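Trainee: Keeping their order, the protein sequence lines are chains A and B. Residues in the first sequence are numbered from 1 upward in steps of one, following our numbering. Residues in the second sequence are numbered from 1001 upward in steps of one, following our numbering.
No wet-lab data here; the hints were simulated from the structure. You can trust all of the hints, since none of them are fake.
Once the Cα atoms are required to be at most 27 Å apart in a straight line, the calculated DSSO-like pairs of lysine-lysine come out as:
{"#": "1", "chain 1": "B", "residue 1": "Lys1253", "chain 2": "A", "residue 2": "Lys249"}
{"#": "2", "chain 1": "A", "residue 1": "Lys400", "chain 2": "A", "residue 2": "Lys354"}
{"#": "3", "chain 1": "A", "residue 1": "Lys249", "chain 2": "B", "residue 2": "Lys1006"}
{"#": "4", "chain 1": "B", "residue 1": "Lys1400", "chain 2": "B", "residue 2": "Lys1257"}
{"#": "5", "chain 1": "B", "residue 1": "Lys1253", "chain 2": "A", "residue 2": "Lys6"}
{"#": "6", "chain 1": "A", "residue 1": "Lys253", "chain 2": "A", "residue 2": "Lys402"}
{"#": "7", "chain 1": "A", "residue 1": "Lys38", "chain 2": "A", "residue 2": "Lys449"}
{"#": "8", "chain 1": "A", "residue 1": "Lys304", "chain 2": "A", "residue 2": "Lys451"}
{"#": "9", "chain 1": "A", "residue 1": "Lys408", "chain 2": "A", "residue 2": "Lys249"}
{"#": "10", "chain 1": "A", "residue 1": "Lys304", "chain 2": "A", "residue 2": "Lys354"}
{"#": "11", "chain 1": "A", "residue 1": "Lys304", "chain 2": "A", "residue 2": "Lys400"}
{"#": "12", "chain 1": "B", "residue 1": "Lys1006", "chain 2": "A", "residue 2": "Lys253"}
{"#": "13", "chain 1": "A", "residue 1": "Lys304", "chain 2": "A", "residue 2": "Lys283"}
{"#": "14", "chain 1": "B", "residue 1": "Lys1257", "chain 2": "B", "residue 2": "Lys1408"}
{"#": "15", "chain 1": "B", "residue 1": "Lys1038", "chain 2": "B", "residue 2": "Lys1451"}
{"#": "16", "chain 1": "A", "residue 1": "Lys449", "chain 2": "A", "residue 2": "Lys354"}
{"#": "17", "chain 1": "A", "residue 1": "Lys6", "chain 2": "A", "residue 2": "Lys253"}
{"#": "18", "chain 1": "B", "residue 1": "Lys1408", "chain 2": "B", "residue 2": "Lys1258"}
{"#": "19", "chain 1": "B", "residue 1": "Lys1400", "chain 2": "B", "residue 2": "Lys1006"}
{"#": "20", "chain 1": "B", "residue 1": "Lys1097", "chain 2": "B", "residue 2": "Lys1257"}
{"#": "21", "chain 1": "B", "residue 1": "Lys1249", "chain 2": "A", "residue 2": "Lys253"}
{"#": "22", "chain 1": "A", "residue 1": "Lys283", "chain 2": "A", "residue 2": "Lys408"}
{"#": "23", "chain 1": "A", "residue 1": "Lys6", "chain 2": "B", "residue 2": "Lys1006"}
{"#": "24", "chain 1": "B", "residue 1": "Lys1249", "chain 2": "A", "residue 2": "Lys6"}
{"#": "25", "chain 1": "B", "residue 1": "Lys1258", "chain 2": "B", "residue 2": "Lys1006"}
{"#": "26", "chain 1": "B", "residue 1": "Lys1124", "chain 2": "A", "residue 2": "Lys6"}
{"#": "27", "chain 1": "A", "residue 1": "Lys249", "chain 2": "B", "residue 2": "Lys1249"}
{"#": "28", "chain 1": "A", "residue 1": "Lys124", "chain 2": "B", "residue 2": "Lys1006"}
{"#": "29", "chain 1": "A", "residue 1": "Lys253", "chain 2": "A", "residue 2": "Lys406"}
{"#": "30", "chain 1": "A", "residue 1": "Lys6", "chain 2": "A", "residue 2": "Lys258"}
{"#": "31", "chain 1": "A", "residue 1": "Lys253", "chain 2": "B", "residue 2": "Lys1253"}
{"#": "32", "chain 1": "B", "residue 1": "Lys1198", "chain 2": "B", "residue 2": "Lys1449"}
Covered stretches of chain A, as calculated for chain B (at least 3 residues, CB under 8 Å):
{"#": "33", "stretch": "4 to 10"}
{"#": "34", "stretch": "66 to 79"}
{"#": "35", "stretch": "145 to 155"}
{"#": "36", "stretch": "175 to 187"}
{"#": "37", "stretch": "371 to 381"}
{"#": "38", "stretch": "423 to 434"}
Computed from a predicted structure; not experimentally measured. Every residue, glycine too, gets a C-beta built ideally from N, C-alpha and C.
Protein chains: 2
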Amino acid sequence: MTRLKKILLDESEMPRQWYNLTPDLLSPLNPPLGPGGKPITPEMLAPVFPMNLIEQEVSQQRWIDIPEEIRNILVQWRPSPLIRAYELEEALGTPAKIYYKNESVSPAGSHKPNTAIAQAWYNKQFGIKRLTTETGAGQWGAALSYAGALIGLEVKVFMVRVSFDQKPFRKLMMQTWGGTCIASPSTETQAGRNILEKYPDTPGSLGIAISEAIEAAVTDPTGQTRYSLGSVLNHVMLHQTIIGLEAKKQLAKVGIKKPDVVIGCCGGGSNFAGLAFPFIYDKVNGADIQIIGAEPFSCPTLTKAPFIYDHGDVAEMTPLLPMYSLGHNFIPAPIHAGGLRYHGMAPLVSAALKDGLMEAQAIHQSECFEAGLLFSKTEGIIPAPETTHAIASAIREARKAKEEGKEKVILFNFSGHGLMDLVGYDKYMTGQLSDYEYPESEIASNLEKLKGYPLPR
Amino acid sequence: MTRLKKILLDESEMPRQWYNLTPDLLSPLNPPLGPGGKPITPEMLAPVFPMNLIEQEVSQQRWIDIPEEIRNILVQWRPSPLIRAYELEEALGTPAKIYYKNESVSPAGSHKPNTAIAQAWYNKQFGIKRLTTETGAGQWGAALSYAGALIGLEVKVFMVRVSFDQKPFRKLMMQTWGGTCIASPSTETQAGRNILEKYPDTPGSLGIAISEAIEAAVTDPTGQTRYSLGSVLNHVMLHQTIIGLEAKKQLAKVGIKKPDVVIGCCGGGSNFAGLAFPFIYDKVNGADIQIIGAEPFSCPTLTKAPFIYDHGDVAEMTPLLPMYSLGHNFIPAPIHAGGLRYHGMAPLVSAALKDGLMEAQAIHQSECFEAGLLFSKTEGIIPAPETTHAIASAIREARKAKEEGKEKVILFNFSGHGLMDLVGYDKYMTGQLSDYEYPESEIASNLEKLKGYPLPR
Chain A
1 MTRLKKILLD ESEMPRQWYN LTPDLLSPLN PPLGPGGKPI TPEMLAPVFP MNLIEQEVSQ
61 QRWIDIPEEI RNILVQWRPS PLIRAYELEE ALGTPAKIYY KNESVSPAGS HKPNTAIAQA
121 WYNKQFGIKR LTTETGAGQW GAALSYAGAL IGLEVKVFMV RVSFDQKPFR KLMMQTWGGT
181 CIASPSTETQ AGRNILEKYP DTPGSLGIAI SEAIEAAVTD PTGQTRYSLG SVLNHVMLHQ
241 TIIGLEAKKQ LAKVGIKKPD VVIGCCGGGS NFAGLAFPFI YDKVNGADIQ IIGAEPFSCP
301 TLTKAPFIYD HGDVAEMTPL LPMYSLGHNF IPAPIHAGGL RYHGMAPLVS AALKDGLMEA
361 QAIHQSECFE AGLLFSKTEG IIPAPETTHA IASAIREARK AKEEGKEKVI LFNFSGHGLM
421 DLVGYDKYMT GQLSDYEYPE SEIASNLEKL KGYPLPR
Chain B
1001 MTRLKKILLD ESEMPRQWYN LTPDLLSPLN PPLGPGGKPI TPEMLAPVFP MNLIEQEVSQ
1061 QRWIDIPEEI RNILVQWRPS PLIRAYELEE ALGTPAKIYY KNESVSPAGS HKPNTAIAQA
1121 WYNKQFGIKR LTTETGAGQW GAALSYAGAL IGLEVKVFMV RVSFDQKPFR KLMMQTWGGT
1181 CIASPSTETQ AGRNILEKYP DTPGSLGIAI SEAIEAAVTD PTGQTRYSLG SVLNHVMLHQ
1241 TIIGLEAKKQ LAKVGIKKPD VVIGCCGGGS NFAGLAFPFI YDKVNGADIQ IIGAEPFSCP
1301 TLTKAPFIYD HGDVAEMTPL LPMYSLGHNF IPAPIHAGGL RYHGMAPLVS AALKDGLMEA
1361 QAIHQSECFE AGLLFSKTEG IIPAPETTHA IASAIREARK AKEEGKEKVI LFNFSGHGLM
1421 DLVGYDKYMT GQLSDYEYPE SEIASNLEKL KGYPLPR
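Isolated chain A (complex conformation) (with noise of 0.2 Å):
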């Protein structure tokens, strides 16, 4: 046996620090604004997130400690492996050398434990006793409930309520995790009892699931609880770093000195920035890498949305954040990759667009589910939905290089597993999986109400 399939670290090897990216952006990250449109201090987010989290994310700093008490948590299920695709090449002839960054190792199934872990320690660190957050299909909840096991903190789950009562074993999850998770709107908030008031029979909204999880955070009289969220700010982004910093002492390790092309899938950014950011670092250097964004063509944020001042959220609780944007009104198609439904992008991803350091493909969902079923069958693991977009985009790569003649290096991340969502691989081989078409006009609509907005630089 001279091939190897797995590249290991050990835990000595885990890397020490977390890369941010906001030095070495080409031209200066816009602020986030407030009421006014004046830029948010530090001090206006001190009711929603604990100091030393807002210190990371308005931080300048480009390689922040991870402290050890973090460190020693994530080995249970980090480094991860990086792993050669040898049987998926194999089945597409290609010259190209595929590898993957195997994030469903985590005991939440995918890469989100890599943030959760990280917040709920220094909300602890910060005499935080309760977290609350929202999840949609409920990876995050998931992830954030397993963080607070094991950091020993109270996590309160807004849980979208069609997939509160869609997805019963996401939340099966965050029980056992000793998660409280409710189906959003709730009657414990304000927010929560006025859409209830008006629409009864709602199915929820994740702005709406947005807007209890802020609210439940900053009544609460003790002062003890914060609010947490799983991608698009800067802080989250840092802390995914540790999956590209690994990727490039694991390609070190076979003698590789830069991959030719790096992939991930992008909803709110956070997985694409982990494994993309350290080697944008490279890129801004010198190094010859082309970075590639994979989204729902349904969704198309990075392909098709202006570069603007938005809101996070349905909302509009969130301050404005310069990003892609296809506007906070934006209702993307239910499409399976339910982690890829987002209407903007982390203001780092976009800011990395904005600056050429990166480009972006959209996909529709069903070349998507070729690619998982395919991966399944050669590399044995069943993709999460959102990950079948980085694999469709691989697989676009490795055949492009095989028409090339080319042995390019690709790699990508494998963001997590789809042993939750096997509905949507049941849909594509019953042929019940519909495409949906770039809603254009819709979108066009909705920009229109953002006239008026602030202009990022």
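Assemble chain B onto chain A, guided by the hints.
Mentor: Just chain B now, kept in the frame of chain A:
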């Protein structure tokens, strides 16, 4: 960070041979018996299994080479990590060092692919094109479908109807890997049609599904179909011993010459055997190791059943096997650990118990789910209901070590994750879970029916 959470092996350190316990038993294994009470010959098994696996089934050789082609697939997830349960130890306040072998990292989520890959490969080598099997909750059907996809064999799974209807996700896993999964009883076999005629609304049973799978294999006119079994048989135990062989190397890496206690949960016996047999080898050669099989209180094969000859299935299709058995008509109570609901026990495990090389513990499912919850909240991974039996036993031993003030090394097999089995946790957490009494009179009346069967030595 001085402490080491996960002990890894390089792929080059993965064992190159399986260990066969047969030659090391204190008394020779009783042969399986066919019609008229005569020992089964290899030729009689030829329509059911390929000859290369039959050779393994009857082999007296202690070490059997693992073909390189099988090793090249096993590395998709092997060597599996050996994990030190620091967080669990801390919660228990025990001086014991607890280690677990994490078999949940396989694509199918359990130890089952260790033998599924091997069986599929040997069948393919023998020129077989199709495999049939039965499955209850679906773990084994999923593992064999995964193996079929990788090796290039068609797989047809007869799934007990009640599970087929209640557990659609395991069925979808099989289909995602290209397996065909049909509800049993089906109209595809004579056995199925006979049952359906008499009982059109039957929920099915593992016994019926075995009958259908064997019939579908042996009646294929092309002769290119064989049957595959996921536990009980000697060659299945053999393929699983890679677990314990890896664990020994891993313990040696942290300076542990031998564990004091080795624990696995017992249904048909395969995950227990996989971890324990290599340590039984040491025990036979003088090492002082306590080896414990943990079984459900409601299905007390090892703790309450006699050592007899009995059929492996309800329909009496299989040869008579020398084993501890509650009687092949015994229908275990509907506990959530579906994989442990078996009336018999692998002949090799049975022989080890009879020879005094191991002991057994019977545990109620409420104690097991309590252990599973504690494990989830400390070590992070949510265990399968089957696996919680091994965890509950390990916790008992760790508490005993605390009382005795002894720094014991406890090793158990984490046979699978529980992401597809969360309903049991829900019932436990909401107080809807029942424990089941040991059904003494029912077992006695089932055993009564076996009067006149030959008796093993």
